[in-house]
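Engineer: Residue-level listing of the chains:
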Amino acid sequence: NAGVTQTPKFRVLKTGQSMTLLCAQDMNHEYMYWYRQDPGMGLRLIHYSVGEGTTAKGEVPDGYNVSRLKKQNFLLGLESAAPSQTSVYFCASRMGLVAEQYFGPGTRLTVT
Amino acid sequence: GDSVTQMEGPVTLSEEACLTINCTYTATGYPSLFWYVQYPGEGLQLLLKATKADDKGSNKGFEATYRKETTSFHLEKGSVQVSDSAVYFCALSAGTGNQFYFGTGTSLTVIP
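Top to bottom, those sequences are chains A and B.
Sequence positions in the first sequence follow the numbering used here and run 122 to 233.
Sequence positions in the second sequence follow the numbering used here and run 143 to 254.
Keep in mind that the hints were calculated from the coordinates and are not lab data.
Be aware that a few hints might be false.
Now the in silico label distances, taken between C-beta atoms and shown as ranges [to be verified]:
#, chain 1, residue 1, chain 2, residue 2, range
1, B, 160, A, 139, 24 to 34 Å
2, B, 158, A, 138, 32 to 42 Å
3, B, 209, A, 138, 29 to 39 Å
4, B, 221, A, 174, 43 to 53 Å
5, A, 192, B, 154, 38 to 48 Å
6, A, 180, B, 212, 20 to 30 Å
7, B, 251, A, 174, 42 to 52 Å
Some chain B residues well away from chain A (every beta-carbon gap over 10 Å; in silico) [said to hold, decoys possible]:
#, residue
8, 174
9, 205
10, 212
Since we're looking at a predicted model, the values are computed, not measured.
The beta-carbon is built from N, C-alpha and C at its ideal position, and this holds for glycine as well.
Chain B on its own, in the form it takes in the complex (with noise of 0.2 Å):
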């Protein structure tokens, strides 16, 4: 069936840093990929997204690119900020089947 697989933490990292976590999946078909961040005590907030392979979602300098060819889809950040401090989730939607698909989440916290 359909999953998706992420790295797990938590992570750690200090102000400026580099930050990449690991996202792999399983799909039967063509499915549309997604990256979810959650701030302490809030719902999810879709952080960014591609649709098909190849394609390179981005926002707030956050970056994840659609491979196909190693079913990944990695989140990127070159310079993290303690604002950044938040767990994220990978998450997978087949466009078969009514239901999305996450991973348990990455906690990352920044340290200044």
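Bound conformation, chain A alone (with noise of 0.2 Å):
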């Protein structure tokens, strides 16, 4: 049982290029979040999913798009990355709106 997993760990962009930040988790949880965590800002929402085929915009939307194709994996997409995309992104999931989130260990993503 693995929990939540995410995919690269590390990576370096460069302006306009694109990449896809993969989640995965193996606890069946309906829920599925994104955030990204920047200095004094503490966790901000990107984007959720409700359940497979759902996608919903969070606090900071823009420039990111997601999908969620099967239940266990919620992908993340830059299209075109910015500085401003700099971050460490979180993903998190749980089983119901009473439950805790289970987050994963973190992609820390530099945008140059």
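Dock chain to chain to rebuild the complex, using the hints, since each chain is given by itself in its own frame.
Structural biologist: What follows is the structure, given as structure tokens:
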């Protein structure tokens, strides 16, 4: 039981490049979330999903897209990376609306 | 709307000192409340939780009591260790809607 895993762990992109971050969970959770964490800003919700095939915008969705084609996976895409997207990205999942969230180890992304 | 307000840091304590990190919340329903801990370079881990009023969550010597009358969920530990140095996040799940609300985090450093 690996919990929530994220790939890659680190990535450096040049401005304008694209990439996809993968989040996978093996707990059969319905809800999945993508956050970014920046110094002094706490956690900010980018997008979330309430089940396979569904996605919704969070607090800071601009510049990101997501897909949830399979229940266990939640992908975060950057179509044209910008230096403002330099951050640590965390994925999380939970079973239900009153349940705790389980977090992945994070992806540290630098855009130059 | 729903929100969480927690004590700003950073907090620096000597080993074996007492710790209190204040957390208050605003919610329209009957939320579940959580404390998460984040060690350097890692994702957030659930420290403790409480799902109804007067519940006390506890783990690793940390405690927090869900107080509806004061809308608070303060984190306490009687004797901190160097290994407790981390960032602590208070969080709320309202049970309605799909989101999870985090405080901005409180950095704790414990010195020998």
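Engineer: Each of the hints needs a verdict: does it hold here or not?
Structural biologist: The hints, checked one at a time:
Between residue 160 of chain B and residue 139 of chain A the beta carbons are some 50 Å apart, a value that contradicts the proposed interval 24 to 34 Å. Taking 32 to 42 Å as the suggested C-beta distance range, the pair residue 158 of chain B and residue 138 of chain A does not conform, at roughly 50 Å. At roughly 49 Å, the beta carbons of residue 209 of chain B and residue 138 of chain A sit outside the given window of 29 to 39 Å. Between residue 221 of chain B and residue 174 of chain A the beta carbons are some 49 Å apart, a value that agrees with the proposed interval 43 to 53 Å.
Taking the beta carbon of each, residue 192 of chain A and residue 154 of chain B are about 44 Å apart, inside 38 to 48 Å as hinted. For the hinted restraint 20 to 30 Å between residue 180 of chain A and residue 212 of chain B, the CB-CB distance of approximately 27 Å keeps it satisfied. Here the CB-CB span from residue 251 of chain B to residue 174 of chain A is close to 44 Å, well matched to the stated 42 to 52 Å. Not every Cβ of chain A is farther than 10 Å from the Cβ of residue 174 of chain B; the closest lies at roughly 5 Å, contradicting the non-interface assignment.
Against the 10 Å criterion, residue 205 of chain B stays outside the reach of chain A, whose nearest CB is about 17 Å from its own CB. The Cβ of residue 212 of chain B lies farther than 10 Å from every Cβ of chain A, with a closest approach of about 21 Å, so its non-interface assignment holds.
Checked against the numbered hints above, the structure violates hints 1, 2, 3, 8; every other hint is satisfied.
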